[in-house]
Amino acid sequence: MSNEDAIIMRDGENKYRAGYWLDSMEAVEDFNNMIAEDFRLSAEALIE
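Heads up: the sequence shown runs through residues 1 to 48, numbered per the working numbering.
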C-alpha cells in the first residue's frame, strides 16, 4: 500500500466516524426533544 492510499483510507475512515458521531448526536437530540415534549404536556395537564 502506498503512502497516498493510506492517507485516502484514513480520510475515509475519519469521515465515516464523523458521520456516525453526527447521526448519534442527532438521535440524542431527538430523544431529548421527545422527553421535553412529554414533560411540557404533563406540566400543561397539571396546570389546567
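Please note: incorrect hints may appear among the correct ones.
Listed below are the simulated DMTMM-like cross-link pairs for lysine to aspartate or glutamate, each with C-alpha atoms no more than 20 Å apart in a straight line [as the list claims (entries may be wrong)]:
| id | residue 1 | residue 2 |
| --- | --- | --- |
| 1 | Lys15 | Glu26 |
| 2 | Lys15 | Asp5 |
| 3 | Lys15 | Glu4 |
In case anyone wonders, no lab produced these hints; they're calculated from the structure.
* Asked: When the hints from earlier in the document are held up against this structure, which numbers fail?
  -> none
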